[in-house]
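Visitor: So the sequences go chain by chain: A and B.
Take the first sequence: its letter number 236 is residue 237 in the numbering used here, and every next letter is one higher.
Take the second sequence: its letter number 162 is residue 178 in the numbering used here, and every next letter is one higher.
Calculated directly from the structure, the hints in this document are not laboratory data.
Each residue gets a CB set at the ideal place from its N, CA and C atoms; glycine is no exception.
Honestly, I wouldn't trust all of these hints.
Stated by the list, open to error - From chain A, some residues computed to sit far from chain B (all C-beta separations above 12 Å):
hint, residue
1, Glu-29
2, Arg-46
3, Gly-57
4, Asp-83
5, Val-93
6, Asp-96
7, Glu-133
8, Ser-136
9, His-181
10, Val-213
11, Pro-218
Stated by the list, open to error - Looking from chain B toward chain A, a few residues come up when the C-beta cut is under 10 Å (computed):
hint, residue
12, Gly-150
13, Leu-153
14, Asn-222
15, Thr-224
Claimed, not checked - Calculated lysine to any residue pairs in the SDA-like style (CA-CA distance at most 25 Å, straight line):
hint, chain 1, residue 1, chain 2, residue 2
16, B, Lys-179, A, Gly-38
17, B, Lys-148, B, Gly-199
18, B, Lys-227, A, Thr-113
19, B, Lys-148, A, Thr-113
20, B, Lys-227, A, Gly-120
21, B, Lys-179, B, Pro-85
22, B, Lys-227, A, Ile-132
23, B, Lys-179, B, Gly-199
Each chain is listed here by its residues.
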Amino acid sequence: MLELDSLVHRFGEEPAVDGVSLDIPDGEFLVLCGANGSGKTTLVRHLNALETADEGQVLVNGVDAAENPVVARTTVGMTFQDPRDQFVAATVGADVAFGPENLGLAHEEIDTRIEESLGAVGLEGRETDRIESLSGGEQERLAIAGALAMRPDHLVLDEPFTGLDAPAREAVLARLRELHTAGTGIIVVTHDLRDLVGSVDRVVCLSNGRVVVDAAPEEAVEQLPEFGVRVPASLSE
Amino acid sequence: MVGSVPGETLAHRLDPRTKLAAQVAFAAAAFANTTPGGLALLTPVALLFLGAARLSPLAVVWAYRFVLPFLAAAVLIEGVTLGPPWLTPAEAVPSLLASYRILLVVVVGAVYVRTTPARESRAAIQRLIPGKPGRMLGAGVGLVFRFLPLLRRELAAVRDAVKARLGDENPVQERMRVVAASGLRRAFARTDRLALAMQARCFSWNATLPKLRFGRLDWVGLAVTVALVVYALA
């Protein structure tokens, strides 16, 4: 369970996240949406203890993320907006191994996790491929594999569909659905709900750092366009 | 060329510790033997190293061409005078030999960089240097090897962006200013992003290191290393 309690994050005097309280149960498929600059990315970075709150706190399974970042980072896997920002190695296998190696796991366990994570995103057998040789969609899936290798309870994806064509988007989404079915909580940060409405459990929309919508997707889609979020045309009419 | 590429060449199959030792031994031999004869002897050895990684000498020199102006400058500074006779080739010879020696060391270093993943370099250093210094140095070297290809890509992106808007029509000085300023800015931003990515995946000084195996081929590498050390000390 992830609990955000009155979280405030300021850049200078301006609050990017302004008193957000949110509970995210395990296994939930949640979309965090909002227009550019609404505070989505800043908010999710707190889940991974990559930011320090000015006020409030984030609890990951009851543990304060700021005090125990390792718990936060093993419980919440994160992929960045541009997957290329996430890669720290030259080859697929070495990159996926990076997290488990940092956890100090045994070699056999690391190998198992590489195989398992690459299998989960449809990149099995590609361990020795250069990351540069992968397509955009494959790089996005590799970023997911890198996060999955930490065996997180929740996976946070920051704008995972940006720059992907329709087949690549569908491939990534299919993997996310499978992971969700297998019990992993998914949090997708986006400003475009068109691909996601049928798959998610809950939609949370931010505007100026505050939660303005928190509802099931069917209810949420009516309110989202006024906050700069794209929804499927058939649902917005 | 400034990053590792997976492969099955002889150099790829060597233990990184062997490659590190051979590299250091080669550098020692090159610095100890600066005569034309000594460097002439080391040239085929450097070519052997390149052959073991199936690398073309020209491709390596091209990839590291940014070193060449500095090497050439050293020779010019020694060989050119500010008055008659303007050129003193005899005085430039030691610099020429020193520059050539550095070029050979760079070429051998390229073989290591090309054939050794960052995590294996880290493992090799941590196993060669025990304790905290080894961990710090290993992680540091691993970071450098991770960061260099990223930095190169950032600079290439800046150059492309400049060209795309006809920046290459500007005088060299202006182009250099733009590329240097934007490149530096992007390098810092890239450093932040890399640090964040490593943080997000629990970067640790005590990470599990990849297994290293000292095989039969490494004995050959070790023999070459010993020969180079003997040559350096002779």
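Visitor: So, for every hint listed, does it hold in this structure?
Guide: We went through each hint and held it up to the structure:
1. Glu-29: holds, 21 Å
2. Arg-46: violated, 9 Å
3. Gly-57: Holds, because the least Cβ-Cβ distance between Gly-57 (chain A) and chain B comes to about 21 Å, which exceeds 12 Å.
4. Asp-83: Contrary to the label, Asp-83 (chain A) does not stay out of reach of chain B, its closest Cβ about 8 Å off (not over 12 Å).
5. Val-93: violated, 10 Å
6. Asp-96: Per Cβ check, Asp-96 (chain A) is inside 12 Å of chain B; nearest 9 Å; violated.
7. Glu-133: For Glu-133 (chain A), whose nearest Cβ neighbour in chain B is about 9 Å away, the distance does not exceed 12 Å, so it is violated.
8. Ser-136: About 17 Å separates Ser-136 (chain A) from the closest Cβ of chain B, which puts it past 12 Å; holds.
9. His-181: At roughly 21 Å from the nearest Cβ of chain B, His-181 (chain A) sits farther out than 12 Å, so the non-interface label holds.
10. Val-213: The assertion about Val-213 (chain A) holds, with a minimum of 28 Å to chain B.
11. Pro-218: holds, 28 Å
12. Gly-150: This hint is violated: Gly-150 (chain B) lies away from chain A, its Cβ roughly 16 Å from the closest one there, beyond 10 Å.
13. Leu-153: With Cβ-Cβ at 17 Å, over 10 Å, it is violated.
14. Asn-222: holds, 6 Å
15. Thr-224: holds, 5 Å
16. B:Lys-179 with A:Gly-38: With a Cα-Cα distance of about 31 Å, the restraint between Lys-179 (chain B) and Gly-38 (chain A) is violated, given a limit of 25 Å.
17. B:Lys-148 with B:Gly-199: Distance of about 33 Å is beyond 25 Å: violated.
18. B:Lys-227 with A:Thr-113: holds, 15 Å
19. B:Lys-148 with A:Thr-113: violated, 29 Å
20. B:Lys-227 with A:Gly-120: Satisfied, since the Cα-Cα distance of roughly 23 Å is no more than 25 Å.
21. B:Lys-179 with B:Pro-85: At roughly 23 Å apart (the allowed maximum being 25 Å), Pro-85 (chain B) and Lys-179 (chain B) satisfy the hint.
22. B:Lys-227 with A:Ile-132: Holds, because 22 Å separates the two Cα atoms, which is no more than 25 Å.
23. B:Lys-179 with B:Gly-199: holds, 14 Å
In terms of the numbered hints stated before, the structure departs from hints 2, 4, 5, 6, 7, 12, 13, 16, 17, 19, listed from lowest to highest.
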